[in-house]
Amino acid sequence: MAKVRGAIVVDVEKCKGCGVCVPACPQEVISLAKEVNGKGYHYAYMNKPEDCIGCANCAIVCPDGVISVYKVKLDN
Amino acid sequence: MGELRLMKGNEAFAEACIRAGVDAYFGYPITPQSEVLEYLMSQKPYETTGMVVLQAESEVAAINMCYGAGGAGFLPVTSSSSPGISLKMEGVSYIAGAELPLIILNVVRGGPGLGDIQPAQSDYFQATKGGGHGDYRLYVLAPSSVQEMADFVLIAKEMAFKYRNPVMILSDGIIGQMMEKVELFDPIPRRTIQEVEKQAPWATTGKKANRERNIITSLDLDPLKQEQHVYHLRDKYSQMEREDVRFEEISTEDAEYLLVAYGSSARICQKAVDLAREEGIKLGLLRAITLFPFPSKRLAELSNQVKGMLAVEMSLGQMVEDVKLAVNCRVPVEHYGRTGGVIHSPVEVLEALKSKIIK
Amino acid sequence: MDFKDIIKPENLVYRRSSLLTDKPFSYCPGCGHGTIHRLIMEVVEELGIQEITVGIAPVGCSVLAYEFMNMDMQQAAHGRAPALATALKRLMPDKYIFTYQGDGDLAAIGTAETIHACNRGENIIIFFVNNGIYGMTGGQMAPTTLPGMPASTCPFGRDVNIMGNPLKITELVAQLPGVHFATRQSVHTPRNVRRAKKAIQMAFEVQKNKKGTSFVEFVSNCNSGWKLSPVAANEWMEQHMFPFYPLGDIKVDGNLVTK
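Chains A, B and C, in that order, are what the protein sequence lines are. Taking my numbering, I'd label the letters of the first sequence as residues 1 to 76. Taking my numbering, I'd label the letters of the second sequence as residues 1001 to 1359. Taking my numbering, I'd label the letters of the third sequence as residues 2001 to 2259.
Looking at chain A on its own, in the form it has when it is part of the complex (with noise of 0.2 Å):
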């Protein structure tokens, strides 16, 4: 069976922290960084980039538009 692996690329300067792309991830992969951005907000980040399985859940959540998504899928 093929598995599935996902990675997210957040645009970090345009994230402004809000966190609701964090309950909207099935795998939990995401949390808000302890650091700030050039705006003073903890940005979204994979937190268990392993864990991401591509479902773009977060980013179609996302209400800056600032994540882009990523999916491979690999032969066992």
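No wet-lab data here; the hints were simulated from the structure. Honestly, I wouldn't trust all of these hints.
What the hints assert, rightly or not - Residues from chain B shown here face chain C by an in silico Cβ test under 7 Å; the list is partial:
#1 Y1067
#2 G1068
#3 E1197
#4 K1208
#5 I1216
#6 C1329
To be verified - Negatives, chain C to chain B, calculated, CB over 12 Å:
#7 K2004
#8 R2016
#9 L2172
#10 R2194
#11 L2228
#12 P2243
Stated by the list, open to error - Covered stretches of chain C (chain B as the covering partner; in silico rule of three or more C-beta atoms under 8 Å from a C-beta of chain B):
#13 2064–2076
#14 2084–2091
Yeah, the Cβ is synthetic: ideal placement off N, Cα and C, and Gly gets one too.
Keeping the supplied structure of chain A fixed, place chains B and C upon it in accordance with the hints.
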């Protein structure tokens, strides 16, 4: 010679809109101008020239439909009478701010408030000094005949695009309702959408790949930019004052006294000039055709010639302030006029001249 | 496999619509406006109709929508967007015209324009963002503020005996024959976003087929006005807004949906 017809002023205006290739009319019924919309609907120009005609749910909606049409580069027209024009003023301010073409006809009736449905000229301030909010001006034309109700549509069309600014035709219940012979100009075809886009590259007709998006707005939250925008508007108004002042003089060559009037009041004054001349009084008339820009320069010149001026308007005295500003105290300037829908007679005008100016 | 090896152009499955400008949204963190902007522009992009679409921005938080949507747009006076859209559609019947309005704009000052555009069956889309409050002016009571819900002009909660009841304008306009499609959506979860996007696609389809007015309401959040964190605001919305403003289609294909 163009086609001759006997028409009401309101009908002549409506027919002229169709013939001028106007793109859309949006209006709402109000006496004494309802014939405009009635005439347009009877002619069905949407089947001939493609002109859109729509009875809106309110004057407010009608003027904002005009905003939408003008923003897409089309030439919209709306018409109303005094209370309805007040309702439209918000939209007029936006249209002036966003620099869109528009022709707006005001067939003035007595006010304030609901007033009455008789002719008046008490909307001069509203037409020439604002009416809506902000630093803006309308180009204001004052017809004094049914013929001019038709002809001024062409001038208004030219000015609306030359300046990207709303043009008001400030008429009144006399000119709107009376019937006269009109010689109609030959029809001018409406522009195609390609011609609209060529004439108005700023219009919102859909963003093409080869240009930046077009935005129609009157908003700039940066006060320095907004100030620059208002300065740009002021430059347009200054250009109007330099290039597009219109007026007419009657018997001014040897005049010792001068009447200043516009619209139907100017016709009454024309008779008063005749009556005065019969009595040996050398009276002349300056009839303002554009109320903004006002013929201030010519009035200033005439103030070196005459002994006094009487501003005659069907109001408590509104245009008289512009006459006084132009004359700058060089000679006495007084106002005469009936108001609230009452029309003064030539004899009353002459008596007022004698009592207020000649003395 | 390191996640960095996944981030390659050929593996891209979701990105921000190219029809949004690079300008960051001026909305508060977590505000649904941004998501709704994104969805509308995704649909316009997917349909390939950017060159023949014109949008109308309102007065309110989304007054600057034209800064973010890379397309020809007009900005209307408060409440008048449907009047502008009426003129645009009638003069350019083959173009797609939509308005984007908030609850104060659409359901208070612009109620007449809203209802009459719908009643004439203008072949336009009205996107209506309902967050139950005036966001831009600082959290005042809206026509859609819930009973008992506090706002800066009803600090002790909306007392319907004094301030009247909230207006369910989508149910109201759905009664009009000119309205072909009326629906209420939200964009706070992935599932709702997917549904909302389908509703937007349906609305453009209705306009393409010249069937009449489409009225798409989004029940949305106002974290700043509600004085909640973005995630808490979404939870509050589920608990309080949805019972009063239930999600789902209200009119489809010109027929009221019976429940």
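For each hint, the structure was consulted:
no., hint, result
1, Y1067, "holds (6 Å)"
2, G1068, "holds (3 Å)"
3, E1197, "violated (11 Å)"
4, K1208, "holds (6 Å)"
5, I1216, "holds (4 Å)"
6, C1329, "violated (41 Å)"
7, K2004, "holds (35 Å)"
8, R2016, "holds (17 Å)"
9, L2172, "holds (16 Å)"
10, R2194, "holds (27 Å)"
11, L2228, "holds (27 Å)"
12, P2243, "holds (33 Å)"
13, 2064–2076, "holds (count 9)"
14, 2084–2091, "holds (count 7)"
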